[in-house]
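Engineer: Sequence:
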Amino acid sequence: MTVGAPWYNQVAVPIGLFLLFLTGVGPLLPWRATSFKSIRRNFVLPVIALWTTVIVCLAVGVTPWQDGTFSSGHFYALVAFAVAAGVLTAVVSEFLRGAVVISRQTRRNLVASLWLLTRRNTRRYGGYLVHIGVVVVVVGLTGSAFNRSAEKEMGLHDKLNIGPYTLECTGFTQDSNPNFNSEYALLKVYEGGKREFQMTPEKRVYLASDQPQTMVAIHSIPTWDLYVVYEGTNPDTGQPIIKAFLNPLVGWIWFGLVIIVLGTFVALAPSLSPATAALRVPAARAVSAEPVLRGGD
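Here the sequence shown stands for residues 8 to 304, numbered as in the working numbering.
These are computed hints drawn from the structure, not numbers from a lab.
Careful: at least some of the hints might be erroneous.
[Claimed, not checked] Computed list of lysine-lysine pairs in BS3-like fashion (alpha-carbon distance at most 25 Å, straight line): (1) K201 to K250; (2) K195 to K159; (3) K159 to K201; (4) K159 to K250; (5) K250 to K195; (6) K195 to K166; (7) K166 to K250; (8) K201 to K166.
[To be verified] Label pairs and their calculated CB-CB ranges: (9) V212 to V63: 16 to 24 Å; (10) M222 to A12: 22 to 30 Å; (11) G75 to L275: 51 to 59 Å; (12) D217 to F25: 44 to 52 Å; (13) N241 to F272: 48 to 56 Å; (14) M222 to G75: 18 to 26 Å; (15) P71 to R127: 30 to 38 Å; (16) E198 to L29: 39 to 47 Å.
The C-beta atom is built at its ideal place from N, Cα and C for all residues, glycine as well.
Whenever a hint applies, use it, and build me the whole structure from the sequences.
Structural biologist: What follows is the structure, given as structure tokens:
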């Protein structure tokens with residue numbers, strides 16, 4: 008039996024969402040120090056954030072039902088956004104709770120208190136930073152549920168619409184050099200009727216190996232990435248075939264990976280307070296508890 012991407016999505020996505028849920032629940036359930044009172048207190052804000060996100064997503068059109076049919080991709084996206092909001096709220100609240108205590112003790116501002124809090128226990132709060140990075144990566148991966156694509160054979164001044172963009176072909180040509188032959192198109196990209204930028208997707212064929220290579224034109228912003236591919240020319244008309252992809256939240260994946268790496272370095276850094284300090288206290292108390300020998304005793 009051969010299985011493909013849909014099967015792996017059905018299996019891996021629920022497991023991934025459950026692991027994301029655990030990254031938020033874990034910090035709120037301290038080992039051997041959990042009670043129903045602490046659970047109620049620590050879970051109030053994350054639950055509020057979770058359900059608020061659900062309401063906002065439904066309001067903007069992120070619903071499990073698309074055109075009257077159930078969409079598992081949109082359902083998982085809704086769950087992912089909601090759980091990510093709850094986890095992020097839980098982790099950030101842990102930072103703020105400790106920073107407020109330090110701020111009261113040292114009379115420092117909140118930013119300085121956050122820095123001191125992290126330096127006092129780098130393993131714990133570096134781990135929290137990794138959790139935040141995982142949340143951001145998951146949000147970026149969730150954007151794939153809303154990917155769009157469009158393909159068209161484009162003559163001079165033909166237009167291709169995808170999302171908020173309109174691509175207009177203003178020219179296509181061929182070029183040769185000692186290394187490769189190439190074909191490419193010149194595309195003006197409009198958003199809201201206003202010209203924004205130009206893209207030049209290209210296809211090369213290297214002479215030494217006779218191997219083709221597609222040079223994808225990419226335009227990235229925090230909300231989505233626009234990819235434009237030159238797929239070749241129609242042999243009957245000689246016009247280029249252009250395929251465009253609009254993939255939301257791709258940049259969030261890279262940003263989340265940066266946070267994960269940063270959190271790892273923080274966790275590896277030594278803390279200001281030695282980990283053995285807690286072990287010295289009982290020993291000191293035991294010595295002070297010993298009887299003092301005086302002369303004549």
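Engineer: List, from low to high, the hint numbers that the structure doesn't satisfy.
Structural biologist: 9, 14 and 15
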